[in-house]
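First to last, the protein sequences are chains A and B. Taking the working numbering, the leading residue of the first sequence gets 1, the next gets one more, and so forth. Taking the working numbering, the leading residue of the second sequence gets 1, the next gets one more, and so forth.
The reader is advised that the hints may include incorrect statements.
[Unchecked claim] Below, in silico cross-link-like pairs of lysine-lysine (DSBU-like), each with a Cα-Cα straight-line distance of 35 Å or less:
| # | chain 1 | residue 1 | chain 2 | residue 2 |
| --- | --- | --- | --- | --- |
| 1 | A | K114 | A | K132 |
| 2 | A | K110 | A | K135 |
| 3 | B | K30 | A | K132 |
| 4 | A | K135 | B | K30 |
| 5 | A | K114 | A | K135 |
| 6 | A | K114 | B | K30 |
Simulated from the structure, these hints should not be mistaken for lab results.
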Amino acid sequence: MTNAAIEAEGLVRTFGKVRALDGIDLVAREGTVFGLLGPNGAGKTTAIRVLSTLLRPDAGRAVVGGYDVVRDPERVRGLIGLTGQYAAVDELLSGQDNLFMIGRLLGWRKSDAKARATELLEAFDLTDAATKYVKSYSGGMRRRLDLAASLVGRPRFLYLDEPTTGLDPRSRIELWGMIRNLVAEGTTVLLTTQYLEEADRLADEIVVIDHGRVIAAGTPQQLKMRVGGQVLQAQPADAADLAATEEILASFGEGENTPYSDGQLVSIRINDRSALGQAVRRLDEAGIVVDDLSLRRPSLDEVFLAVTGHVAEEDVLEGEDAPEGERRSA
Amino acid sequence: MSAVTVAPAGRPHALSNTLTIARRNLLHIKATPEQLVEMSIQPIMFLVLFVYVFGGAIAGSSAAYLQFALPGILVQAVSFLPFTTALALNTDFQRGVIDRFRSLPIARSAVISGRIAADGVRILWSILIITGFSMILGFRFAGGAAGAFGSVLLVLAWGLVMCWPMAFIGITARSPESVNTWGFMIILPLTFASSAFANPDTMPGWLQAIVKANPVTSIIDASRGLMLGGPVAEPLTDAIIWMAVILAIFVPLAIRRYRRRI
Numbered sequence: 001m002t003n004a005a006i007e008a009e010g011l012v013r014t015f016g017k018v019r020a021l022d023g024i025d026l027v028a029r030e031g032t033v034f035g036l037l038g039p040n041g042a043g044k045t046t047a048i049r050v051l052s053t054l055l056r057p058d059a060g061r062a063v064v065g066g067y068d069v070v071r072d073p074e075r076v077r078g079l080i081g082l083t084g085q086y087a088a089v090d091e092l093l094s095g096q097d098n099l100f101m102i103g104r105l106l107g108w109r110k111s112d113a114k115a116r117a118t119e120l121l122e123a124f125d126l127t128d129a130a131t132k133y134v135k136s137y138s139g140g141m142r143r144r145l146d147l148a149a150s151l152v153g154r155p156r157f158l159y160l161d162e163p164t165t166g167l168d169p170r171s172r173i174e175l176w177g178m179i180r181n182l183v184a185e186g187t188t189v190l191l192t193t194q195y196l197e198e199a200d201r202l203a204d205e206i207v208v209i210d211h212g213r214v215i216a217a218g219t220p221q222q223l224k225m226r227v228g229g230q231v232l233q234a235q236p237a238d239a240a241d242l243a244a245t246e247e248i249l250a251s252f253g254e255g256e257n258t259p260y261s262d263g264q265l266v267s268i269r270i271n272d273r274s275a276l277g278q279a280v281r282r283l284d285e286a287g288i289v290v291d292d293l294s295l296r297r298p299s300l301d302e303v304f305l306a307v308t309g310h311v312a313e314e315d316v317l318e319g320e321d322a323p324e325g326e327r328r329s330a
Numbered sequence: 001m002s003a004v005t006v007a008p009a010g011r012p013h014a015l016s017n018t019l020t021i022a023r024r025n026l027l028h029i030k031a032t033p034e035q036l037v038e039m040s041i042q043p044i045m046f047l048v049l050f051v052y053v054f055g056g057a058i059a060g061s062s063a064a065y066l067q068f069a070l071p072g073i074l075v076q077a078v079s080f081l082p083f084t085t086a087l088a089l090n091t092d093f094q095r096g097v098i099d100r101f102r103s104l105p106i107a108r109s110a111v112i113s114g115r116i117a118a119d120g121v122r123i124l125w126s127i128l129i130i131t132g133f134s135m136i137l138g139f140r141f142a143g144g145a146a147g148a149f150g151s152v153l154l155v156l157a158w159g160l161v162m163c164w165p166m167a168f169i170g171i172t173a174r175s176p177e178s179v180n181t182w183g184f185m186i187i188l189p190l191t192f193a194s195s196a197f198a199n200p201d202t203m204p205g206w207l208q209a210i211v212k213a214n215p216v217t218s219i220i221d222a223s224r225g226l227m228l229g230g231p232v233a234e235p236l237t238d239a240i241i242w243m244a245v246i247l248a249i250f251v252p253l254a255i256r257r258y259r260r261r262i
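The task is simple: from the sequences and hints, build the whole structure.
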């Protein structure tokens, strides 16, 4: 056994005919953020549920902090904190009562449970709303409370299942800051996300999963290297010039690299560094005014496209993680 | 990590976990005062309507009907209260609250036992409200204090027993709407096709057979005997056997479902 904090080998879990997990291996080191990246229905939530003892795997094994999730589930539960996709806080209690209740459930004295609740409300900027019912909270406040609730017992391992899905950009950045602080204090974080940017910003290591299998693994840097080269992108000021822009950029592509457009921005993977200069001239000659013309390293979006052969957003298999559909209705 | 905040080692404490979750469930009443209406005003309204609308026609006078029907009305009201068990468990599953509980190092049984403990408090509350109000209307415990106490205990026990099949429905059902559908389909005929509102001797033969086989009839007859001082031994024995049977079937079913539900 290595000193891996979370280790899974060959995890399989099927729901009827769907193989939600089809032999997942992963190793997360202590004190790091481990990102589980994949589209909806890739098996991320199922993986989290197995690693948090909520679901038994059909095959394979997983060890968290030295304890097997199947043989020693109670010990594992003593080490983890879980924040699910939907803020699992009690709407009909105040924020303070939510946190107090968890402290009490952990067997603490009232004064200790109360002190910890106060401390967390303060840390998550919820002190003003402490005694209000959670049903009156905004989405961002609920997520913060949910995260606070998963931290009451000071877990060594924190599982965050799509923690920022549905949050506005400001709340998302706030939450990222909070997650970084926790890691700085020594918490090991297992994060699932379908946002490539999120994995890029937070994770030390990433596995990309699709249809229950690991299709790529490494640091964000390594994954970007895998795609190789750079990306040249141009945004014509006039959308009517999109086709002409694509045509010009296409001439820089080698082999299978063809330009792709999101309707505003045209991008192409290139290996030739002189392309940027040439692109400036060619676009100018063609009389195309551009708002943006740049060369950058590939994003994880492009990594995803390269390893899966499809764009993340297009592969929305609704409900595959929860085949009986109960959690999707929220 | 400070010593204060580390969860105590060893087995989680089932009783203390149950009480914490029961407290949480009862705090919900504060957040949704409608629940108080459901637990207090609704059964009283039902009592008043039944006694004064049908009383004269069925028993000759409202006062006589109140004496006859109160045990039935009480048992019917209490039979419907465990809907809360089903709806609340179902909502907790939907909202992910149960995932949180199950990811904590606590007694797994505490989620159900805490639910039912809280519902026991609600049921007792309703029993006291209904019997108290009916006494204002003129109901008399002809069976004496021991009978009154015994009947309250019996009806409370019946309510707690019915929490288990309702827990099973709440855990199994996919949505609160289907909880309502299933719950009504079971509870409504059980409580009406009984000796609650009319003497079974006045019913057609096929219905009499159903009424006599209905566990609710045994509960009502036993309560009636205790409250009014009539025959108790036979219906009470039947009632206890029925409650044991229902528990034997639905406690394991509900727990199994709870463990299996993903």
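Okay, the hints, checked on the actual structure:
1. A:K114 to A:K132: Holds, at about 16 Å.
2. A:K110 to A:K135: This hinted pair holds, its Cα atoms lying about 24 Å apart.
3. B:K30 to A:K132: The given pair, whose Cα atoms are some 12 Å apart, holds under the 35 Å limit.
4. A:K135 to B:K30: 13 Å, holds
5. A:K114 to A:K135: Cα-Cα ~21 Å, so holds.
6. A:K114 to B:K30: Answer holds: K114 (chain A) to K30 (chain B) is near 20 Å, not above 35 Å.
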